[in-house]
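Trainee: Build out the structure end to end from the sequences listed, making use of the hints.
Residue numbers (my numbering), protein chains in the order written: chain A, 1 to 320; chain B, 1 to 224.
Simulated from the structure, these hints should not be mistaken for lab results.
Even glycine gets a Cβ: it sits at the ideal position worked out from N, Cα and C.
A couple of the hints might just be wrong.
[Stated by the list, open to error] Sample of chain A residues lacking proximity to chain B, with all beta carbon distances greater than 10 Å (derived):
no. : residue
1   : 40
2   : 71
3   : 100
4   : 107
5   : 224
6   : 269
7   : 288
[Said to hold, decoys possible] Rough simulated footprint, nothing fancy, chain A against chain B, three-plus residues with beta-carbon under 8 Å:
no. : segment
8   : 13-24
9   : 111-117
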Amino acid sequence: VSAAVPIPVIQVLQVLTIALGAPWVTGVIARVEARLQGRRGPRVLQPYYDLAKLLRKESLAPQGASWFFLAAPVVAVAAYLTIPLLIPVLTTYGLPLGYMGDILGGGFLLSLASFVVATAALETGSPYAQLGSSRAKTFSAITEPVVLFVVFTVALLTGTDLPYALAATVRSSAGQVIRPAHLLASAALFMVILHETGRIPVETHTGTNEFGMIEEARSFEHSGPYLALLRWGSELKQLILFTILANVFVVPWGLASTQRLGAALLAIAALLAKAVAVGCVVAVIDNSFAKLRLFKITEYVSAAFLLAVLGVFTLYLGGR
Amino acid sequence: MSTPGVYEGVANAVAALMLLLEFGMLRQAMVRDQVRLYAAQSALISVLAVVIAADRNLPDLYALAALSGALKVVAVPLVLRRLLGAPIGEETPGVAGSYTLGPASAVLACIGLAAFGFFCFGSLGIHSPEAPATALATAGAMVFVAFGLMIVRRDVASQAIGFFSLENAISLASLVVAAGLPLLLETAFLFDLLLAVVVFGMLIRAHHSRAASLSTSDLTKLRG
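Mentor: Dropping the structure here:
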């Protein structure tokens with residue numbers, strides 16, 4: 001346990017933690033959510049069984065769909081698996097590939113994954129899938145300014161837009177934690193995450209009701225291993241967003257500061273615990289608030305935008 | 001870019017929270033929720049007074065915090081609820097839907113107003129460890145958002161709450177800039193608020209008895 005692990009192995013461990021931990025985190029959240037609703041709920045490992053089942057099934061593609069329809073899930077998962085290389089998943093120190101992209105780079109990869117899935121959904125010709133991708137793109141256009149302002153806040157706080165630098169700044173003193181700009185940016189990011197994971201304000205992330213389907217509708221025509229990849233992709237996206245919130249903004253503690261194996265294992269346990277904690281908060285919020293009507297989404301996003309803009313404002317007066 | 005100390009950080013965070021509650025009041029459709037948010041905002045003023053009292057060793061401010069809490073967190077919301085006296089579970093007519101702008105547009109417009117207030121107060125250049133510049137500028141932003149609230153909502157209740165929260169913004173500014181103000185003067189400010197409550201109370205009563213609604217859009221009929 002006290003043996004030093006080579007840096008490339010730690011880098012691989014970061015990706016593996018996200019890749020293998022994501023279905024577990026989804027399973028735990030589904031279980032907690034079921035308990036909140038007075039149900040027994042599925043097993044914690046159910047998402048793994050679902051993925052395994054889908055991977056064994058045959059896959060069908062709608063007539064007229066091109067190679068892009070089949071390539072999209074693979075590209076999306078590849079994009080999601082690249083992001084853990086850029087963000088502090090397990091370590092406080094930057095890993096060699098951690099500097100190949102900043103927060104904007106991570107954002108571009110998330111957008112790329114979402115774009116290819118939406119385009120593949122458009123290719124199918126299915127009205128539900130097209131409705132889902134049209135809605136997803138419309139609403140991501142209005143949440144984008146919020147994300148940009150959160151990035152501006154990070155850039156103003158740290159002088160750089162590297163996620164490792166913000167996590168180190170937050171850890172550096174208590175004054176940083178209660179800094180209004182930091183609190184406001186974290187709250188804005190949390191609201192965006194609630195929206196992006198299909199919880200609040202209009203979606204039901206597990207539902208098959210047309211009105212509540214945005215993310216779910218896009219994978220309507222995929223089947224077999226391709227559907228498995230899309231499901232796994234949305235689980236990966238959820239854990240990546242939770243990791244950014246926890247390890248960069250809210251609780252960047254419990255990360256490994258050395259190359260020892262024990263420290264890395266502890267960091268894995270801490271990350272999964274933090275992700276489950278964030279997930280439980282999300283589940284409680286999801287189950288306590290009524291969903292809004294579709295076009296009320298602007299009100300929700302304007303509130304998140306307000307938080308992010310105020311975060312930038314407060315930084316403009318002598319950096320206080 | 002320097003990092004603020006813990007006192008300054010708390011003062012700034014409380015000020016930012018108060019500004020967010022001001023936006024909350026702007027956004028809320030129901031008057032009882034607005035009153036709740038006003039009470040929460042007033043409670044934050046008392047918290048800030050306690051923080052400043054502890055940081056700078058000013059025992060007067062504890063008394064002010066208690067007095068302000070009793071008046072603004074308990075008494076004023078109670079009086080407002082009785083004045084607006086709709087049965088529990090029902091909303092006073094004329095309040096919900098009194099927006100002149102949609103909620104999202106109102107929030108965006110008030111972000112503009114807040115930016116104006118923020119940078120106006122910020123450019124005053126009051127920088128000292130005792131007066132956190134951000135908290136003061138946030139108080140300025142709150143003043144403008146409170147005016148915005150009174151403008152975009154066409155009902156007497158929201159306008160009264162906007163006016164009372166304006167007083168909260170001024171209390172915040174005075175606490176940040178001149179925490180050592182004599183207790184007597186601070187108490188005099190609170191009596192201003194009492195006067196405002198009485199005047200608004202009479203206005204609300206008079207308007208409600210004439211129009212059977214709290215909406216001010218009916219007032220156009222009074223033109224000669």
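Trainee: Is the nearest Cβ of chain B still more than 10 Å from the Cβ of residue 269 of chain A?
Mentor: 31 Å, holds
Trainee: Three residues minimum, CB to CB under 8 Å: does the segment 13-24 of chain B make the cut for coverage by chain A? Let me know.
Mentor: holds (count 6)
Trainee: Report holds if the minimum CB distance from residue 71 of chain A to chain B is greater than 10 Å, and violated otherwise.
Mentor: Label holds. Min Cβ-Cβ 38 Å, cutoff 10 Å.
Trainee: Verify this label for me: residue 40 of chain A is non-interface relative to chain B, using a Cβ-Cβ cutoff of 10 Å.
Mentor: For residue 40 of chain A, whose nearest Cβ neighbour in chain B is about 34 Å away, the distance exceeds 10 Å, so it holds.
Trainee: Minimum Cβ separation between residue 224 of chain A and chain B greater than 10 Å?
Mentor: With a cut-off of 10 Å, residue 224 of chain A remains clear of chain B, as the shortest Cβ separation is near 42 Å.
Trainee: Is the Cβ of residue 107 of chain A farther than 10 Å from every Cβ of chain B?
Mentor: 23 Å, holds
Trainee: Please settle this one: residue 288 of chain A was flagged as non-interface, so is its CB more than 10 Å from every CB on chain B?
Mentor: Answer for residue 288 of chain A: holds, closest chain B Cβ roughly 16 Å.
Trainee: Does residue 100 of chain A sit more than 10 Å from chain B, CB to CB?
Mentor: 26 Å, holds
Trainee: Verify this for me: three or more residues of the segment 111-117 of chain B with a beta carbon less than 8 Å from a beta carbon of chain A.
Mentor: Coverage by chain A holds here, the residue count being 3 at a Cβ distance below 8 Å.
Violation of the numbered hints given earlier is absent; every hint is satisfied by the structure.
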